[in-house]
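K.L.:
So the chains spell out like this:
Protein chains: 2
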Amino acid sequence: MSFLNAPLQNDTFLRALMRQPTEYTPVWLMRQAGRYLPEYRDVRKKAGSFMALAKNPDFATEVTIQPLDRFKLDAAILFSDILTIPDAMGLGLHFEEGEGPKFERSLQTEDEILKLQVPDMAELTYVFEAVTQIRRTLNGRVPLIGFSGSPWTLACYMVKGGSSKDYRTVKTMVYKRPDLMHHILRINAQAVAHYLNAQIEAGAQAVMVFDSWGGVLADGAYQSFSLDYMRTVISLLKKEHNGITIPSIVFTKGGGLWLDQIADIGANAVGLDWTSNLGGAREKIGHKVALQGNLDPMALFADHEQIRQQVHALLDSFGKPSVNSGHVFNLGHGISQFTDPDAVAVLVDAVHEYSTLIRNK
Amino acid sequence: MSFLNAPLQNDTFLRALMRQPTEYTPVWLMRQAGRYLPEYRDVRKKAGSFMALAKNPDFATEVTIQPLDRFKLDAAILFSDILTIPDAMGLGLHFEEGEGPKFERSLQTEDEILKLQVPDMAELTYVFEAVTQIRRTLNGRVPLIGFSGSPWTLACYMVKGGSSKDYRTVKTMVYKRPDLMHHILRINAQAVAHYLNAQIEAGAQAVMVFDSWGGVLADGAYQSFSLDYMRTVISLLKKEHNGITIPSIVFTKGGGLWLDQIADIGANAVGLDWTSNLGGAREKIGHKVALQGNLDPMALFADHEQIRQQVHALLDSFGKPSVNSGHVFNLGHGISQFTDPDAVAVLVDAVHEYSTLIRNK
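Residue numbers (my numbering), protein chains in the order written: chain A, 1 to 361; chain B, 1 to 361.
Mixed in with the good hints, there may be bad ones.
In this list, chains with the same sequence are indistinguishable; a pair is considered to hold if it fits within one copy or across any two.
List time: in silico DMTMM-like cross-link candidates among lysine to aspartate or glutamate, alpha-carbon distance up to 25 Å [stated by the list, open to error]:
{"hint": "1", "residue 1": "K176", "residue 2": "D349"}
{"hint": "2", "residue 1": "K102", "residue 2": "E123"}
{"hint": "3", "residue 1": "K160", "residue 2": "D303"}
{"hint": "4", "residue 1": "K160", "residue 2": "D111"}
{"hint": "5", "residue 1": "K72", "residue 2": "E283"}
{"hint": "6", "residue 1": "K176", "residue 2": "D340"}
{"hint": "7", "residue 1": "K288", "residue 2": "D58"}
{"hint": "8", "residue 1": "K102", "residue 2": "D166"}
{"hint": "9", "residue 1": "K45", "residue 2": "E112"}
Hints in this document: simulated from the structure, not taken from any laboratory. Quick caveat, the model's predicted, so the values are computed rather than measured.
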């Protein structure tokens with residue numbers, strides 16, 4: 001029997017995404033493998049650079065598993081970066097110490113934009129190898145999530161000066177040369193779909209699209225320049241692999257105002273940041289999709305008892321799960337590198353304990 | 001007759017705030033007096049520093065009037081900073097070239113926080129003198145808006161390290177020491193109310209509360225740590241001066257999800273950033289308050305014809321004004337320093353022309 005057929009010992013996360021009953025609310029954390037863990041920092045040091053870590057399947061596997069060995073998390077997420085696609089397009093992703101991602105080459109001219117192509121997935125073999133190796137190592141412990149940046153979020157980084165404070169460069173393109181921006185986004189959408197499908201083939205059991213920068217767009221522009229392309233991605237995704245359903249999650253940070261529209265693009269679940277009222281969101285769209293979220297990562301800087309209270313309040317806000325659960329507990333954004341790992345343990349245990357309790361009330 | 005009694009030649013803005021009929025949609029722009037204007041940069045140079053400019057009533061008057069001499073704007077807004085109150089509390093506001101505001105002293109210890117007091121309004125005489133001098137210079141041309149930062153937004157800057165990327169310091173206080181944060185906010189709310197009332201007495205004909213950072217708070221925390229204190233401020237404001245109604249505007253950037261709650265705190269108008277759907281917002285709360293907004297400032301980087309189209313689309317989204325108008329056109333945030341002044345002229349004229357046209361359709 002292939003390791004890919006190893007029976008899942010914990011499929012709570014997948015069932016929650018499909019709004020099936022669960023015994024408790026599953027939990028994982030965005031960026032759960034990362035700098036707040038000393039064991040991650042050790043591997044990062046050994047690897048030399050972030051990209052050297054991400055591009056080495058052994059290292060990527062090691063850091064993906066690390067948080068599972070500490071906390072009773074209900075899912076693993078591939079350790080990688082949201083910008084691997086533009087890197088494979090030849091833009092040269094790198095990270096400078098203490099700064100965000102940078103590209104060595106970015107799209108500066110119309111000519112460069114028109115030459116852009118969906119990258120050869122062979123350029124991303126290191127990702128798919130990592131996925132397979134993580135699955136082998138997990139051996140059915142919990143499901144593995146694959147992911148990608150959204151077409152719009154990739155574009156923000158690909159266009160020179162994109163991720164500036166006011167998004168002036170990309171927004172100028174949105175307003176002044178929408179044709180060029182749509183050209184980039186069409187290619188990105190194809191690339192993201194191919195990329196996620198290849199992750200599914202390599203062993204990813206759920207996939208998530210991170211639309212980190214959709215929330216900076218104006219109403220109207222968001223729908224045309226981000227949401228529509230995520231809809232394309234979702235429509236192109238494999239819905240099952242080897243007879244097993246592969247659920248999908250979309251997450252637009254700052255997208256709470258567009259929740260009902262996001263729930264309509266065909267994904268199984270929608271991620272929420274901390275500005276949304278979880279109970280209100282369930283009432284509005286919980287009959288269509290599962291919800292993932294949405295504790296403020298900064299709540300983890302409180303005392304343990306205060307963290308428990310925050311967790312209880314969120315679970316109470318979602319309301320008592322009846323037949324369908326449909327809630328995956330998570331933060332509203334990536335965990336801060338300054339978080340005390342002990343706080344994460346308190347969070348994870350509180351989610352499991354309190355969500356079990358309210359199910360049996 | 002005192003200049004303060006000079007009859008207003010253009011009260012369109014004030015009538016729109018009170019949802020009375022207007023012949024066209026009034027328009028002003030957040031940060032309309034500012035760095036995108038070469039004549040502003042000249043005065044700024046002469047003054048030596050931002051604070052030297054803001055603290056000199058002659059300079060403040062000059063730059064407040066500048067955009068009115070270029071564009072047919074329907075309101076003037078006092079040139080000042082949102083952080084004058086903590087400066088008057090003794091924290092020492094200054095601006096470093098190319099950076100945001102900084103305080104020389106900030107609240108670092110519990111003791112410092114507990115010693116915090118509502119500042120003597122005499123420390124802010126320069127603001128009130130500027131208000132009076134601007135009113136004298138305007139001589140009834142358009143109404144003058146006074147303003148302040150919201151209690152929460154002031155607190156973000158007052159607490160050491162407050163306006164960091166992830167708001168870690170202030171949010172840690174929110175989650176871990178809510179008692180201390182509430183203490184700061186109670187004092188800030190009193191200070192903001194006194195400050196705005198003194199501006200009204202000096203001649204401000206409308207007042208606006210800028211809650212620039214309310215949108216970073218989680219649902220629940222926003223209501224307790226920002227909205228509740230803005231409600232206090234609004235409740236303490238003079239509703240009229242010398243027999244003339246003084247309307248109020250509240251604006252939480254990123255607050256679109258809480259629109260119905262913001263509309264309930266007693267202000268006459270609510271500002272919207274560009275993520276809100278203007279027509280949807282009118283439908284939801286337009287019977288309670290006027291709406292101000294909400295073009296993406298980056299739309300001004302498009303070609304003139306594209307700017308006109310964006311303006312038309314927003315006015316169409318608000319819908320045909322019937323008996324009550326209730327819309328003040330504005331950007332969804334401050335104008336970018338890189339904006340071409342010609343684009344502003346196109347915007348202002350397009351608002352006036354198209355809004356007149358749709359009223360007569």
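K.L.:
Work down the list of hints and note, for each, if the structure agrees.
P.N.:
Against the structure, the hints:
| no. | hint | result |
| --- | --- | --- |
| 1 | K176 x D349 | between (50 Å within a copy, 20 Å between copies) |
| 2 | K102 x E123 | within (19 Å within a copy, 46 Å between copies) |
| 3 | K160 x D303 | between (42 Å within a copy, 20 Å between copies) |
| 4 | K160 x D111 | within (14 Å within a copy, 47 Å between copies) |
| 5 | K72 x E283 | neither (29 Å within a copy, 46 Å between copies) |
| 6 | K176 x D340 | between (45 Å within a copy, 14 Å between copies) |
| 7 | K288 x D58 | neither (38 Å within a copy, 60 Å between copies) |
| 8 | K102 x D166 | both (17 Å within a copy, 20 Å between copies) |
| 9 | K45 x E112 | neither (35 Å within a copy, 40 Å between copies) |
Going through the hint list in order, the structure does not satisfy hints 5, 7 and 9.
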